[in-house]
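Dock chain L against the given chain W, drawing on the hints supplied.
Chains as they are written, first to last, in our numbering: chain W, 222 to 554; chain L, 222 to 554.
Honestly, the hints are just simulated from the structure, not real lab data. It is possible that some hints are incorrect.
Copies of the same chain look alike in the list, so a pair counts if it fits in one copy or across any two.
Straight-line alpha carbon distances no greater than 35 Å define the calculated DSBU-like cross-link-like pairs of lysine-lysine that follow [as the list claims (entries may be wrong)]:
{"no.": "1", "residue 1": "LYS460", "residue 2": "LYS534"}
{"no.": "2", "residue 1": "LYS506", "residue 2": "LYS425"}
{"no.": "3", "residue 1": "LYS534", "residue 2": "LYS466"}
Protein chains: 2
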Amino acid sequence: MKKANVIDRIFHGGLPASPRNQKGLAFAPTNIALCKYWGKRDIELNLPVTSSLSIALPDKGTMTYLSLQDKATDTILVNDEEIALTTPFAERLVCYLDLFRPKKNWHLHIDIKINIPIAAGLASSASGFASLVAALNDLGAWSLTKQQLSILARLGSGSAARSFWMGFVEWNAGVQSDGMDSFAMPLDIEWPELRVGILTLSNKEKPISSREAMQRTVNSSVLYSAWPKKIAQDLAILKQAIHVKNFSLLAGTAESNALTMHATMLSSWPPICYSLPETLAAMRKVWELRHEGLEVYFTQDAGPNLKLLFLEKNQAELTEAFPDMEVISVFEG
Amino acid sequence: MKKANVIDRIFHGGLPASPRNQKGLAFAPTNIALCKYWGKRDIELNLPVTSSLSIALPDKGTMTYLSLQDKATDTILVNDEEIALTTPFAERLVCYLDLFRPKKNWHLHIDIKINIPIAAGLASSASGFASLVAALNDLGAWSLTKQQLSILARLGSGSAARSFWMGFVEWNAGVQSDGMDSFAMPLDIEWPELRVGILTLSNKEKPISSREAMQRTVNSSVLYSAWPKKIAQDLAILKQAIHVKNFSLLAGTAESNALTMHATMLSSWPPICYSLPETLAAMRKVWELRHEGLEVYFTQDAGPNLKLLFLEKNQAELTEAFPDMEVISVFEG
Numbered sequence: 222m223k224k225a226n227v228i229d230r231i232f233h234g235g236l237p238a239s240p241r242n243q244k245g246l247a248f249a250p251t252n253i254a255l256c257k258y259w260g261k262r263d264i265e266l267n268l269p270v271t272s273s274l275s276i277a278l279p280d281k282g283t284m285t286y287l288s289l290q291d292k293a294t295d296t297i298l299v300n301d302e303e304i305a306l307t308t309p310f311a312e313r314l315v316c317y318l319d320l321f322r323p324k325k326n327w328h329l330h331i332d333i334k335i336n337i338p339i340a341a342g343l344a345s346s347a348s349g350f351a352s353l354v355a356a357l358n359d360l361g362a363w364s365l366t367k368q369q370l371s372i373l374a375r376l377g378s379g380s381a382a383r384s385f386w387m388g389f390v391e392w393n394a395g396v397q398s399d400g401m402d403s404f405a406m407p408l409d410i411e412w413p414e415l416r417v418g419i420l421t422l423s424n425k426e427k428p429i430s431s432r433e434a435m436q437r438t439v440n441s442s443v444l445y446s447a448w449p450k451k452i453a454q455d456l457a458i459l460k461q462a463i464h465v466k467n468f469s470l471l472a473g474t475a476e477s478n479a480l481t482m483h484a485t486m487l488s489s490w491p492p493i494c495y496s497l498p499e500t501l502a503a504m505r506k507v508w509e510l511r512h513e514g515l516e517v518y519f520t521q522d523a524g525p526n527l528k529l530l531f532l533e534k535n536q537a538e539l540t541e542a543f544p545d546m547e548v549i550s551v552f553e554g
Numbered sequence: 222m223k224k225a226n227v228i229d230r231i232f233h234g235g236l237p238a239s240p241r242n243q244k245g246l247a248f249a250p251t252n253i254a255l256c257k258y259w260g261k262r263d264i265e266l267n268l269p270v271t272s273s274l275s276i277a278l279p280d281k282g283t284m285t286y287l288s289l290q291d292k293a294t295d296t297i298l299v300n301d302e303e304i305a306l307t308t309p310f311a312e313r314l315v316c317y318l319d320l321f322r323p324k325k326n327w328h329l330h331i332d333i334k335i336n337i338p339i340a341a342g343l344a345s346s347a348s349g350f351a352s353l354v355a356a357l358n359d360l361g362a363w364s365l366t367k368q369q370l371s372i373l374a375r376l377g378s379g380s381a382a383r384s385f386w387m388g389f390v391e392w393n394a395g396v397q398s399d400g401m402d403s404f405a406m407p408l409d410i411e412w413p414e415l416r417v418g419i420l421t422l423s424n425k426e427k428p429i430s431s432r433e434a435m436q437r438t439v440n441s442s443v444l445y446s447a448w449p450k451k452i453a454q455d456l457a458i459l460k461q462a463i464h465v466k467n468f469s470l471l472a473g474t475a476e477s478n479a480l481t482m483h484a485t486m487l488s489s490w491p492p493i494c495y496s497l498p499e500t501l502a503a504m505r506k507v508w509e510l511r512h513e514g515l516e517v518y519f520t521q522d523a524g525p526n527l528k529l530l531f532l533e534k535n536q537a538e539l540t541e542a543f544p545d546m547e548v549i550s551v552f553e554g
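Bound-form chain W, shown alone:
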């Protein structure tokens, strides 16, 4: 109901009767939050309690190909494998597409290529929903602005709101109950020396979705009451650090922000712990290296993997310390 209202407002009264094109195609990068999105003020619209700030990983993400098909259902391929419509993943996707069907018997062939592990805390759903909505925009020749696409993608997955730009992106929480002021914007500052190192410690699907973990945290963690204050502080510091290119301030704040998000989860009941012993071992190694003078920090999302933050000048040393790490030059995509 609330979602349909958003569609109405974006399309000024209703979806165009039928799409202009037979096919639609779009890529969206995944994004890593330096200041996390954790907790919703509206569950249906994925409206966040707080603003957040991310960095895009230019070569990592999702390409979605859409084509109209004359069938009674949608079909979904993920990396060339057909997904049963009864899986939770397909149900979520089909349900999201329902928002955009101009008539009842209108179905799509959805071909998704994704080059990051799914549901392992690498923001696969962020790039997934962003690329889907951008592909719909291409299919329908709607010519929506990125701001409008950001609002629509948010309805599928909160952090997808941030996946329409490269570089630093801020998602403003907004205050309106319909969420029309809750969308992301790029920061337009480049930092070519910045590196993100992906440390994949487990590819297994996470035992609890971030959607559910977020809700449990908001409902049961006493510490969550202090989270908005933490975000307000960190967001201001991060933007200042980006502005003056102070790496240790940027990355230290991002690490503290991630640890604080996981801290609110530990304090939920039943406790939520995405970290594996391997995660903790990698964290301790980062702290040790930093203690020895090497400027390296980490961030962690709703999964056991870590993303290291460092500068180009330390890349060789860090690749030696973490031979399995995949290094991403975030501003050289």
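Same frame as chain W, now just chain L:
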């Protein structure tokens, strides 16, 4: 200065001129907090921000033998090994004893026997200071009440205030600036089926003292602002759970309380993490067993070791799951 004032108040104007006896002897058990003491409102007097609740481990603790000696300094033996007076441990002890010297040239031979690892999160300083002050009371034949001893021991180490009783003990935070209302009291409820399993995962001394970790948390963790609220809730639930003998309520609340304390530390800067990968592996094993229906919970103090909480009926199964665990029948000492 503040400490000397406490001594004055307890001894009504000053210490007795010289001790009645040549020797003093006392044992104090260590205690495991189910509701943690974390954060001070007065650093010098070890006055806590919040109240706390613990359970004594009857056979684990410290025996302190004191004897007057005609030497220019104190001598300190720990488990038959002489400790140099220049070590931080000895300095802290000598400095504490300075509060109680009736005249300048008054020195003690201090023979400490302790059967728990020192400074590994097993509350060695709690039983240490409690047994020391109780041995002084014996040496001086002061006939102080346990309440008075609790206040004096707190000046050495906060949690020592709780180490004068067996069973459940509550330390009331108090509100007075001199701390004369900040002492512990026993709950006088027995629960013979209750078991504590000590899971020693590392005997190494902790990298950061709980004293320092507490201060850093109070000063830098945004989440700490929610800690007093968590304590107020948990303390009420724990007392109710003890009253009605609801084990899962008791142990679940204790686990959540411990995780929340560690959560406030993770959110400090630099982050504080007492857990080792082995700690996390053991936690996950506890969660798995619980998921399978076995009622087992854990608590963790300022160190990597865990203390499991369970009932006698599950002891055999848990000893099989954790073969290295030492089981303590807390009400059968």
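Hints and how they fare:
1. Taking the shortest Cα distances, LYS460 and LYS534 sit within 35 Å of each other inside one copy (23 Å), while across copies they are farther apart (56 Å).
2. Taking identical chains as interchangeable, the C-alpha atoms of LYS506 and LYS425 lie at most 35 Å apart whether they share a chain (22 Å) or sit on different chains (18 Å).
3. Within a single copy, LYS534 and LYS466 get their C-alpha atoms as close as 15 Å, which meets the 35 Å cut-off; across copies the closest is 60 Å, which misses it.
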